[in-house]
Amino acid sequence: MCLPAAFLALFFAYPLAAILARGLGDGLPWDVLGSRSTLGVLWFTAWQAAVSTAATVLLGLPLAWAIARLDFPGRSLVRALVLVPFVLPTVVVAAAFLALLPDGAERGLVAILAAHVFFNLAVVVRIVGSFWGRLDSGLWDAAATLGASPVQRLRRVTLPLLAPALAAAGTLVFLFCFTSFGVILLLGGPTYATLETEIYRSAARLFDLRAAAALSLLQLAAVGSLLALAALVERRLGGAVPLAGERDVVRRPRGRERLGLAAALTGAAVGLGLPLAALVERSLATPDGYGLGFYRALGEETAVLLVAPWHAVVNSVLYALAATAVALVVGGLAAAAIARRRAAWLDALVMLPLGASAVMLGFGFVIAFDEPPLDVRGSPWLVPVAQALVAAPFVVRIVAPALRSIDERLHEAAAVLGASPARIRRELDLPLVLRALGVAAGFAFAISLGEFGATVFVARSDWPTVPVAIFRFLGRPGALNAGQAAALAVVLMVLTAAAVLAADRIAVRRGAL
Amino acid sequence: MRAIVIGLLIAAVAGCGGEQAAPRQVVLVTHDSFAVSKPVLRAFERTSGFTLRILQTGDAGAALNRALLTAGTPEGDVFFGVDNNLLSRALGEDLFEPYESPALDRIDPQYVLDDEHRVTPVDHGEVCVNVDRAAFATEPAPTSFEQLALPRHRGRLVVENPATSTPGLAFLLATIAHFGEDGWQSYWRALRENDVLVVDGWEEAYTQRFSGAGGSNGDRPIVVSYASSPPAEVIFAGKALEEAPTAVIASTCFRQVELAGVLRGARNPEGARALLDFMLGERFQRDVPASMFVFPVREGTPLPPAFERFAVVPERPLELPPAEIGENRDRWIGEWTDVVLR
Numbered sequence: 484m485c486l487p488a489a490f491l492a493l494f495f496a497y498p499l500a501a502i503l504a505r506g507l508g509d510g511l512p513w514d515v516l517g518s519r520s521t522l523g524v525l526w527f528t529a530w531q532a533a534v535s536t537a538a539t540v541l542l543g544l545p546l547a548w549a550i551a552r553l554d555f556p557g558r559s560l561v562r563a564l565v566l567v568p569f570v571l572p573t574v575v576v577a578a579a580f581l582a583l584l585p586d587g588a589e590r591g592l593v594a595i596l597a598a599h600v601f602f603n604l605a606v607v608v609r610i611v612g613s614f615w616g617r618l619d620s621g622l623w624d625a626a627a628t629l630g631a632s633p634v635q636r637l638r639r640v641t642l643p644l645l646a647p648a649l650a651a652a653g654t655l656v657f658l659f660c661f662t663s664f665g666v667i668l669l670l671g672g673p674t675y676a677t678l679e680t681e682i683y684r685s686a687a688r689l690f691d692l693r694a695a696a697a698l699s700l701l702q703l704a705a706v707g708s709l710l711a712l713a714a715l716v717e718r719r720l721g722g723a724v725p726l727a728g729e730r731d732v733v734r735r736p737r738g739r740e741r742l743g744l745a746a747a748l749t750g751a752a753v754g755l756g757l758p759l760a761a762l763v764e765r766s767l768a769t770p771d772g773y774g775l776g777f778y779r780a781l782g783e784e785t786a787v788l789l790v791a792p793w794h795a796v797v798n799s800v801l802y803a804l805a806a807t808a809v810a811l812v813v814g815g816l817a818a819a820a821i822a823r824r825r826a827a828w829l830d831a832l833v834m835l836p837l838g839a840s841a842v843m844l845g846f847g848f849v850i851a852f853d854e855p856p857l858d859v860r861g862s863p864w865l866v867p868v869a870q871a872l873v874a875a876p877f878v879v880r881i882v883a884p885a886l887r888s889i890d891e892r893l894h895e896a897a898a899v900l901g902a903s904p905a906r907i908r909r910e911l912d913l914p915l916v917l918r919a920l921g922v923a924a925g926f927a928f929a930i931s932l933g934e935f936g937a938t939v940f941v942a943r944s945d946w947p948t949v950p951v952a953i954f955r956f957l958g959r960p961g962a963l964n965a966g967q968a969a970a971l972a973v974v975l976m977v978l979t980a981a982a983v984l985a986a987d988r989i990a991v992r993r994g995a996l
Numbered sequence: 008m009r010a011i012v013i014g015l016l017i018a019a020v021a022g023c024g025g026e027q028a029a030p031r032q033v034v035l036v037t038h039d040s041f042a043v044s045k046p047v048l049r050a051f052e053r054t055s056g057f058t059l060r061i062l063q064t065g066d067a068g069a070a071l072n073r074a075l076l077t078a079g080t081p082e083g084d085v086f087f088g089v090d091n092n093l094l095s096r097a098l099g100e101d102l103f104e105p106y107e108s109p110a111l112d113r114i115d116p117q118y119v120l121d122d123e124h125r126v127t128p129v130d131h132g133e134v135c136v137n138v139d140r141a142a143f144a145t146e147p148a149p150t151s152f153e154q155l156a157l158p159r160h161r162g163r164l165v166v167e168n169p170a171t172s173t174p175g176l177a178f179l180l181a182t183i184a185h186f187g188e189d190g191w192q193s194y195w196r197a198l199r200e201n202d203v204l205v206v207d208g209w210e211e212a213y214t215q216r217f218s219g220a221g222g223s224n225g226d227r228p229i230v231v232s233y234a235s236s237p238p239a240e241v242i243f244a245g246k247a248l249e250e251a252p253t254a255v256i257a258s259t260c261f262r263q264v265e266l267a268g269v270l271r272g273a274r275n276p277e278g279a280r281a282l283l284d285f286m287l288g289e290r291f292q293r294d295v296p297a298s299m300f301v302f303p304v305r306e307g308t309p310l311p312p313a314f315e316r317f318a319v320v321p322e323r324p325l326e327l328p329p330a331e332i333g334e335n336r337d338r339w340i341g342e343w344t345d346v347v348l349r
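Residue numbers (the working numbering), protein chains in the order written: chain Z, 484 to 996; chain D, 8 to 349.
Check each hint, because a few of them may be wrong.
[Unchecked claim] According to the in silico footprint, chain Z covers these stretches of chain D (three or more CB under 8 Å from chain Z):
#: 1; region: 76-90
#: 2; region: 153-166
#: 3; region: 210-218
#: 4; region: 222-235
#: 5; region: 238-245
[Unchecked claim] Selected chain D positions facing chain Z (in silico; Cβ < 7 Å):
#: 6; residue: D39
#: 7; residue: A42
#: 8; residue: P46
#: 9; residue: G68
#: 10; residue: T150
#: 11; residue: T171
#: 12; residue: S298
Simulated from the structure, these hints should not be mistaken for laboratory data. All figures in this text were calculated on a predicted structure; none of them were measured in a lab. Ideal Cβ placement from N, Cα and C applies to all residues, glycine included.
Take these sequences, add in the hints, and give me the full structure.
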């Protein structure tokens, strides 16, 4: 419990407090907080996040079901590909969306909602799916034997059992949409604003720290109350459930299930596959016709970056590996503490970085760590640390429910048989949550690969990551730069899919009961 | 178990791995558009004996704001990228320490904007209205401010918000220089009537909304950008072009001078001064056009061929005295917001 708390205190609470204190030197700015435009922004932020979350959960469930319960060719590939959109930088996806959406719907609410679903579907599919995939089929069989219709089985058995995972995934999606930044700016157009975009405008553009700090407080308060609510819900819903190994759960689709599977996969192919395909097409569409020109250019020096672009790929992988390790340690220990000791404050503290504005945290880093011995500005370690702040909440949300679902009687039995607490943790809990840890590791790695908002603040120019490099390319005129950005995005897609595929394979093999 | 050990190691290194004060390192704090070619960077390191680290901290406005936030305890030794239009803000916050470089004697004196030499000019680049030539293949493209407000160009212009973007501010100042204190507001009213699109930054305006940018799906054929954007389109086209796909409306150009200075509280002021000298030297100045798409301030510096062919260097760009800008900037931006956005 001490390590995660210290980590968050040093790298999250302290810098954020420093920048808020600087901005709020003259007391709370009630004029900003109470103004009509602030309330309007808060209202839009909240309802667009709620609608986006509902749409994501609704559209994600069929795919989660298909991946969790059915055996079909390419299943593990689909499971890995689902995560790809999640790591893509918004700038790149926005370009693909603008090309695909029909005229008139290119910018505005529809585009915002579609992009939020596109980005966050993975959260629902994977978190709910990994939980669903461990539930013993006996319950459904029993219900069916007792004469329950499919609808009744869904309502009475499936949904109550899935509730903790649904709550966890819903919370994460809501947080992501609540603090949405790039999607709102690029696909919403100038009339749409969330708290996050307004904070960025005030802090980075207008240099109005007072307003930025006030809006940040508002955002933190909103996110904090939401988290408290979610923790309550999750704890009430969570509990021991009958678990089974994957081999006993997954089976070939029968009868109408085939239809459902086809529908789920077709939906995924259109909703997720099309934008990704558009991106691949862009990366191949050189001015001289289709070819690999943009990819070849990644190996050459460019005026846009201080290093050849392929360096960014290596940097990203190394940073993401380090960040995954940090996030697994911090998030895993926090999850253990939360599941066992019900440390609600730690739960909220781990989650809060997701609800904090990246630009304010970045500014906080800059002013908080400005004196020796704490002057770590410019240290390359800050990159994985910043990425781990964003990834750790996922580890907690995935691992904590898994830990809670372990039947307490197993612990008691082990203790009666003479196992020490450490041995129980190692030989009972760890194997049971390995699958969840694998999912968490895949997520953490993917998030770290794609993280942009915090990374751009701490990444050194001579060691850029892929998203930072993409951003720099898109910041310059010329078809070659736009093409190299698309090519880098495709590299990011492939990297993510490969990493997740590998993490899944390890987790499934080790975690099989 | 192994993951825990690795994690602890990382935490330990992160906690105490701060860069030790390396007196032989100079840190240049600058904006995202800064670029320098590698041989030039190496030449500085070889001749001065310092290693150079570059820290890019956002677009020009954001980078300046971040520098102001850390005034006195800076993240580096030199800041490059404050322009004539935001200069008063930097000087007001006491961001820089004076340094009169001996290399200044070769610099065109019209770009030297501070008598106390707290800042030194490094490059100039004019902000001009650009047009997509393909969109004007069958009709004449606009050639003046006034024509942009004509009904036939309705819905075609995209500009940056002067409150959030440095080219946006330069364009507002250009209209003030052209129409005068009494006329600029009615001009902007006319632009608003004509459905001008205002976005927050140059990137969104140029790479997303402008139809003439390579690889863009924008639908606005007129944009506020730079005099050097057409040669940039040629150099980064990915193939040889006979003609630039975009063109500049020369009568709309407003002067933008980019300046650098030694940061107050710099760890390595000696290295900072050496870097400033180098940035005014021939080697760096020759590299400026091809790397950053702006023009050198050192007299007699040759331009690369693509610039000779495709760049418009306006003879007399619009200008306003820095003191006048400093005095009125915030009021003008406020009035502009009322006229255009409210």
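Verification of the supplied hints:
no.: 1; hint: 76-90; result: holds (count 4)
no.: 2; hint: 153-166; result: violated (count 0)
no.: 3; hint: 210-218; result: holds (count 5)
no.: 4; hint: 222-235; result: holds (count 4)
no.: 5; hint: 238-245; result: holds (count 6)
no.: 6; hint: D39; result: holds (6 Å)
no.: 7; hint: A42; result: holds (5 Å)
no.: 8; hint: P46; result: violated (10 Å)
no.: 9; hint: G68; result: holds (6 Å)
no.: 10; hint: T150; result: violated (22 Å)
no.: 11; hint: T171; result: holds (4 Å)
no.: 12; hint: S298; result: holds (5 Å)
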